Amino acid sequence: MMARFGAIVSSLWRRAGGRFSLVVLGLWVLVSLVSLVWTPQPLWRTDGYDVWAAPSAEHWLGTDGTGADIVSWLMAGSRTDLLIVILTVLFAGALGLLLIAAMTARNSVLANTSVVAVDALISVPTILIALILAVPLGASVAVIVVACGFGYGLNLARVARPQALLVARSAYVESAVSNGASGVRVLFGHIVPNILPVLLVQLSLSAGTAVLAESGLTYLGVGVPSGTPSWGHSLATTVRFITVYPLTVLWPGLVVTVVVVALNLFGDALRDAVDPVGNPALRRVAVEETEA
Amino acid sequence: MKNGLTGTAQRTEAPTGEGAEAPGAPMLRGAHIDKSFGRGAARRQVLFDVSVDVREGECLAVIGGSGSGKSTLTRILLGLETADAGTVAYRGAAVTGGRRAPGRQALRRGSGLVFQDPFSSLDPRWTVARSVAEPLRLRHRGMPADEVGRRVAQALRTVGLEPATFLGRYPVDLSGGQAQRVAIARAIVNEPKVVLADEPMSAIDVAARVQILDAFAAIRDRRPDMALIMVSHDLGVVQHIADRVVVLHDGRVVEQGPTGRLLAAPSDPYTRELIRAATPFVGRP
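Quick mapping for you: the protein sequence lines, in order, are chains A and B. Under our numbering, the first residue of the first sequence is numbered 1, with each subsequent residue one higher. Under our numbering, the first residue of the second sequence is numbered 1, with each subsequent residue one higher.
In case anyone wonders, no lab produced these hints; they're calculated from the structure. Hints should not be assumed to be uniformly reliable.
To be verified - If we take Cβ atoms under 8 Å as the criterion, some of the chain A residues that face chain B in the derived model are:
(1) L133
(2) A281
(3) E289
(4) E291
Unchecked claim - Here chain A is said to cover these stretches of chain B; the calculated rule only asks that three of the stretch's residues, wherever they fall, bring their Cβ under 8 Å from a Cβ of chain A:
(5) 61-70
(6) 102-113
(7) 157-171
(8) 230-237
Said to hold, decoys possible - Incomplete in silico selection of chain A near chain B, CB under 10 Å:
(9) A171
(10) Y172
(11) N179
(12) P280
These numbers were taken from a predicted model, which means no experiment stands behind them. We treat Cβ as the ideally placed atom computed from N, Cα and C, and that holds for glycine.
Use the sequences and the hints to build the structure in full.
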């Protein structure tokens, strides 16, 4: 098991995109953890005489319009965005797999109905879902997670369906079914491993889009509630002053851009690294394990 | 010269003599099977009142041209497709009549499948060990890992593959012949009573076909009670391995009988045409 994990990590590290994404995502997780116990300035320390301050030794990236330390808020915000990304990917992945199972079911009524339902629901914009959800829930992380997870889950199912159908109708699945394999076993034993490359790329794109959506929905007032640090919150509170204090918008914008690029590259690199068909190192490990 | 097919090594003479029926009680019996595909104007009947028996320990070859209904018939016999009319019985218990048919589960448990394309019949993301072990894990949930490993290794050896070399490989690292032998090992690892091989040699090169034939011969030597249903275009292969032959033409059985007799003295014009067409390609040293 450890040998396989090592082969995957070393494959990721060999690619420039994989290296970049590992470093960025590793830093993201590290900063999120560190921010739980330490930030350069206390989060709620504001100084009315020190608003829109330029970068300095005291405030590494300057301060915003309330005098709050930008780098401290970005560090604390990384936690919220990490939580949003993880929950959105889990929600989208679970919904996507559920829909894939329905769309590839042997029961043709269930399969056809779910295909039509996905095609109909996928036309509903994520923002509209978020606005509707915000009515009962108010601005909250749950609105972002559910709205984005719903939209991305539908998209995932639609994109992965052709590949999943090929697997579901394959001779090896027929062999498994004739030996008594259940639908769940076929889904997780054969379909998921064979559509994993598509899933990983789609989910990494969803993760990146969730970061962007958090910024957009928070700017619209239906995302992260006021007072909760997030990268979207940092952007929303400074973007109106972009022509006067461009640096205060640049920092959160840069963080969001770098993380989204890293997530996209990570999906591509991970797809190649975890797939034994495309990664000879993984296949070598399997042979060595057998010989041992 | 009887028919030009007698030059190849053969295992086809019925033990009870030329022209006699193969031994063993009927294990699988299909009677008056009709099957259509499509609806309305596109509806096309592919099988017409087909009756066929498969006996314990025999190798039954189903031959015929493309679209003659060979694969459909064998899939119906193994309960993988449903017939529109007619019955299929396994050891006397009905296989047709829905999922709860008494013979259906017994047949599923007692059958193995070998498909035409070896690469599409193996999960590309599973190792050989995992693929071959799958029927054991599905049919014998509590079987200890050691026992699973032992039986997987034994199945691989039976088809001429060294377990130490092949267990950890993925299909992408196998040749066509090796992949097909892995698929055969998967089909026999559960020690089934009947194996369906649907044109198992049509997608692999000629040299590898010999290995496949050897693998089937080894299996039949080891499991003399196991029935083998082989769908094939290749009369050379049929002559080499089959005890009995069923000839299908446009969804109807035009002739059936022991391999030696049927190939030496075909009574139906279509069978004669098939043999005449195959003659230039078989029987050469």
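Tested hints:
At its closest, the beta carbon of A/L133 sits 38 Å from a beta carbon of chain B; the interface hint therefore is violated under the 8 Å criterion. A least Cβ separation of about 12 Å between A/A281 and chain B goes past the 8 Å threshold, and the interface hint is therefore violated. Below 8 Å, beta-carbon pairs count as interface contacts, and A/E289 has one with chain B at about 6 Å; its hint therefore holds. With its C-beta approaching chain B no nearer than about 7 Å, A/E291 sits inside the 8 Å limit, and its interface hint holds.
Only residues whose beta carbon comes within less than 8 Å of a beta carbon in chain A count, and the segment 61-70 of chain B has 0; fewer than three means the coverage is violated. Requiring three or more residues with a Cβ within less than 8 Å of a Cβ of chain A, the coverage given for the segment 102-113 of chain B holds, as 4 such residues are present. For the segment 157-171 of chain B, the stated coverage by chain A holds: 5 residues have a C-beta nearer than 8 Å to a C-beta of that chain, and at least 3 were required. A stretch counts as covered by a chain when three or more of its residues have a beta carbon under 8 Å from one of that chain; for the segment 230-237 of chain B and chain A the count is 0, and the coverage is violated.
For the restraint placing A/A171 at the interface with chain B, the shortest Cβ-Cβ distance is roughly 4 Å, inside the 10 Å limit, so the hint holds. Interface restraint check: A/Y172 against chain B, minimum CB-CB distance 5 Å, threshold 10 Å, status holds. A cut of 10 Å between beta carbons decides the hint on A/N179: the least distance to chain B is about 4 Å, and the hint holds. Hint status for A/P280: holds, given a least beta-carbon distance of 9 Å to chain B, under 10 Å.
In the structure shown, a violation is registered for the earlier hints numbered 1, 2, 5, 8, in ascending order.
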